[in-house]
Amino acid sequence: MMRLGLTLALAVLAIDQLSKWYMLFVLDLPSIGHIPLVALGPFGFDLTMVWNRGVTFGMLAGDGPWSQAVLGLLALAIAGFLLRWMARAENRLTALALGAVVGGAVGNVIDRFRFGAVADFFDAHAWGWHWYVFNPADAAIVLGVVALIGDALFRPSPKAKGSTP
Numbered sequence: 001m002m003r004l005g006l007t008l009a010l011a012v013l014a015i016d017q018l019s020k021w022y023m024l025f026v027l028d029l030p031s032i033g034h035i036p037l038v039a040l041g042p043f044g045f046d047l048t049m050v051w052n053r054g055v056t057f058g059m060l061a062g063d064g065p066w067s068q069a070v071l072g073l074l075a076l077a078i079a080g081f082l083l084r085w086m087a088r089a090e091n092r093l094t095a096l097a098l099g100a101v102v103g104g105a106v107g108n109v110i111d112r113f114r115f116g117a118v119a120d121f122f123d124a125h126a127w128g129w130h131w132y133v134f135n136p137a138d139a140a141i142v143l144g145v146v147a148l149i150g151d152a153l154f155r156p157s158p159k160a161k162g163s164t165p
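Going by UniProt numbering, the residue at position 38 of the sequence shown is 38; the numbering climbs one at a time, nothing skipped.
Treat the hints as calculated values from the structure; they're not laboratory data.
Heads up, the beta-carbon is just placed ideally off N, CA and C, and yes, glycines get one too.
Since no wrong hints were added, every one of them can be taken at face value.
Derived Cβ-Cβ restraints for the label pairs, each shown as a range:
{"id": "1", "residue 1": "W127", "residue 2": "A14", "range": "33 to 43 Å"}
{"id": "2", "residue 1": "R3", "residue 2": "L40", "range": "39 to 49 Å"}
{"id": "3", "residue 1": "L27", "residue 2": "F81", "range": "34 to 44 Å"}
Given only the sequences and the hints, what does the whole structure look like? Please build it.
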């Protein structure tokens, strides 16, 4: 299971870093700021440059280098814990979900150490309400956590040996 999870983690990391490179250095989104892409009635999807100095949804934001280092090291410690869990994963879904979370976490840690913040640029909105701007690493983390929760809630429990119905 470890190989499966690590393969997905590396794929997520590559997609994340390539998309950030493209948005930052080819498209130059930091200079442009905002590019409308899709408008379907009340629904839309745009590219909007945001530098996230916090964690999920901007919580624990701090501008100092120490806060970014602490958040980066914390994310690496969590990734280490998840890798240990991945090595003991009981099924493919768990291994893949953990791989998605690890790949996304490492992608965002790279941003913290390179730029002092995480580059976010996907902006989904509906009826004038904007979801948090995110990146591929964030999407992988959320999908991985949703898969872990779904697996925990809906995986059939193993039947105890010798139990009667």
